[in-house]
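Protein chains in written order, with this note's numbering: chain A, 992 to 1105; chain B, 2 to 112.
Treat the hints loosely; a few may be bogus.
Unchecked claim - According to the in silico footprint, chain A covers these stretches of chain B (three or more CB under 8 Å from chain A):
#1 55-68
#2 84-96
#3 101-107
Quick caveat, the hints were computed from the structure, so don't treat them as lab data.
The C-beta atom is built at its ideal place from N, Cα and C for all residues, glycine as well.
Chain by chain, the residues:
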Amino acid sequence: SQTIHQWPATLVQPVGSPLSLECTVEGTSNPNLYWYRQAAGRGLQLLFYSVGIGQISSEVPQNLSASRPQDRQFILSSKKLLLSDSGFYLCAWSEGADSNQPQHFGDGTRLSIL
Amino acid sequence: EDKVVQSPLSLVVHEGDTVTLNCSYEVTNFRSLLWYKQEKKAPTFLFMLTSSGIEKKSGRLSSILDKKELFSILNITATQTGDSAVYLCAVLVGSNYKLTFGKGTLLTVNP
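Take these sequences, add in the hints, and give me the full structure.
Written out as structure tokens, the structure is:
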């Protein structure tokens, strides 16, 4: 069966520091991969999605970037964190062959910026 | 802009009650509507609805979609304290793989 791993679970970072969050999926090939952010009082917001290695689409302009160096690895990065980057970051995957498939989420990273 | 609105925002019930959660949407190029349950961490997938009028059922949970009136409901019968969670509704739109989420309904089931 497929599993998704996301780490770290929690992170406290100072303003201006870099960020790297990692997500890996097991048990499937060529999945679609997604990064979401859930801010307090707001719904989940799609940040990036990827349909293949090196293919990244950005949904909102922001201080973050994403990369997919391997088929089942998705990384969320920032060179300099802002206070507004605080939130709950979730990675998700879906079957790649058909876009009309449910997305399945990792356990998330709770990011606090001080 | 695509929009998904859930109601109520929060709900407190007693064990054994039946609840109905609502989700309405305004989107272009609708493909399907999904329900998730979120406790402390990851949202877990409940249902995916693509066709109008066909009820999906899993134990005490059921859901149905009305594509003419642009809404869906999630029913939970004989609620238990373990049903306490945020229930998220999301709509999958077009071919760009984008899920647009509502803000969720916080359900609290008291013993």
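Tested hints:
{"no.": "1", "hint": "55-68", "in the structure": "violated (count 0)"}
{"no.": "2", "hint": "84-96", "in the structure": "holds (count 4)"}
{"no.": "3", "hint": "101-107", "in the structure": "holds (count 5)"}
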